[in-house]
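Trainee: Listed below are the residues making up each chain.
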Amino acid sequence: ILNVEQSPQSLHVQEGDSTNFTCSFPSSNFYALHWYRWETAKSPEALFVMTLNGDEKKKGRISATLNTKEGYSYLYIKGSQPEDSATYLCAFMTPGNQFYFGTGTSLTVIP
Amino acid sequence: KAGVTQTPRYLIKTRGQQVTLSCSPISGHRSVSWYQQTPGQGLQFLFEYFSETQRNKGNFPGRFSGRQFSNSRSEMNVSTLELGDSALYLCASSLQGLVADTQYFGPGTRLTVL
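Protein chains in written order, with this note's numbering: chain A, 1 to 111; chain G, 1001 to 1114.
Bound conformation, chain A alone (with noise of 0.2 Å):
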């Protein structure tokens, strides 16, 4: 089993703050990485999908780095706004392509 670790598990941040969480996975048998927004009572939505060594993607103020030589991924919010409230959900992909995922991070954004 595969172990995949997203940190900080929760956050409360001000509105218009900055911030960024990390997803942590196994440098070996790397596929691809993918970040999922979940937001309560509804489905967990897409962000990235993330395959190359260095990828940085990036849509509207969020934006998201892959380093996969040294097994993480940074997801960063610029000027959080309270519609970002939502646990922020990592997958690691393998050649099976099979997922695993992280536990989340939850992020709470006070007006």
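Because the hints were derived from the structure by calculation, they are not lab data.
Do not rely on the hints blindly, as some may be mistaken.
Stated by the list, open to error - Below, in silico cross-link-like pairs of lysine-lysine (DSSO-like), each with a Cα-Cα straight-line distance of 30 Å or less: (1) LYS69/A to LYS1057/G; (2) LYS58/A to LYS42/A; (3) LYS1013/G to LYS42/A; (4) LYS59/A to LYS42/A.
Unchecked claim - Chain G stretches covered by chain A per the calculated footprint, using a threshold of three residues with CB under 8 Å from any CB of chain A: (5) 1016–1029; (6) 1044–1050; (7) 1099–1107.
To be verified - To list a few chain G residues with every Cβ distance to chain A over 10 Å, as calculated: (8) GLU1082; (9) GLY1084; (10) SER1086.
From a predicted model like this one, the values you see are computed outputs, not experimental measurements.
From the three backbone atoms N, C-alpha and C, an ideal C-beta is built for every residue, glycine too.
With the hints as your guide, set chain G onto chain A.
Mentor: Relative to chain A, chain G alone:
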């Protein structure tokens, strides 16, 4: 385009019973994956189906099984239910389940085993 749908949304069963959950993927998607989420655990991968064939399987007992039909709709079956099977079951579809394919999740089925 309609999203991924799952039925039923909520289900209550007793220990020893069996249950079947259904997932209809986005039109044109041929890969369907199933996940289990229990309190305190992250999403755990159950299995993935592509073109009516189980392509990958997670680390779950044989009581958990599934199938996929020719229209890509998928069902998941859990036999001889245990209390620990109480969970949110999510399915996700993607075009072909390839490395860069985005997965789209359904709303989930909340199963309670009494």
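Trainee: Hint compliance check: list the failing hint numbers for this structure, sorted ascending.
Mentor: Of the numbered hints, just 5 does not hold.
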